[in-house]
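*Asks:* Protein sequence lines correspond, in order, to chains A and B. Numbering of the first sequence is given in our numbering, commencing with residue 1 and proceeding in unit increments. Numbering of the second sequence is given in our numbering, commencing with residue 1001 and proceeding in unit increments.
Honestly, the hints are just simulated from the structure, not real lab data. No experiment lies behind these values; they were computed from the predicted model shown. Glycine is no exception: its CB is placed at the ideal position from the N, C-alpha and C atoms. Every clue listed holds true.
Derived list of chain B stretches under chain A, where covered just means 3 residues or more per stretch with a C-beta under 8 Å from a C-beta of chain A: (1) 1018-1028; (2) 1033-1046.
Below are the DSSO-like pairs computed for lysine-lysine, each with C-alpha atoms no more than 27 Å apart in a straight line: (3) B/K1012 to A/K15; (4) A/K22 to B/K1047; (5) B/K1085 to B/K1018; (6) B/K1035 to A/K59; (7) B/K1055 to A/K8.
Calculated Cβ distances over 10 Å to all of chain B for the following chain A residues: (8) K8; (9) R21; (10) N32; (11) E38.
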Amino acid sequence: METKKNRKKAVLILKKGFYNRKAVKAAIRAYNGLADFECLDKKDKFEVRIKNIDKSVGKIIKDEFCNYILAEIKNG
Amino acid sequence: MEKFNFEKDKIKIELNPKIYPLEAVLGAAYFFLDKNYVYLDGNLNRKIIVQIKPKDKAKKNTLEDLGNDFLNKLLHYNLRYQISKNNRKIREYIVGTALLSAIGEAGEEDDWKKDFLDISTPWEEKYGNEKK
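Using the sequences provided together with the hints, build the complete structure.
*Replies:* The following block contains the structure:
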């Protein structure tokens, strides 16, 4: 099934003290089917750029993505 | 003191990391993930900012209650973390002793299984073809 993509982009800033690379990568793997992710590893933060977001999750993907990372950190 | 800031549909709580360690904040945040969106920001050495946004649209009163609930949960996790930190050595000692004693039990052979008189070996194997 072809999913409808949203042209809207989103950028997420995650501070390195709170979020770790392993959890961010795990979240990207999990959400890969819903959007295109690009993770930039900067000095004190991760910058996650989200593009081609699936229309059905356009409003919540950013927040759900953050929640997933936090859960991953706690359980990982 | 913790500070609440209200924005449209979310609450921002500022915490002092010297009072509330990150482990406690993560524990409390995890508890709230079910019904809220939680986002962490700030600086680990100066100020931790926890942003909570309910998945269902919320009123300001509800947001304040949510903030207070979070602080209660944070205290709970802080206490758990402190106890866990203080008891770490004794916990490791108990587990280590238990594991060591378990290894000892598994390695020892019971006396009744030992065949001191070589009774289990058949006559033929013991004496071969010797004539009686």
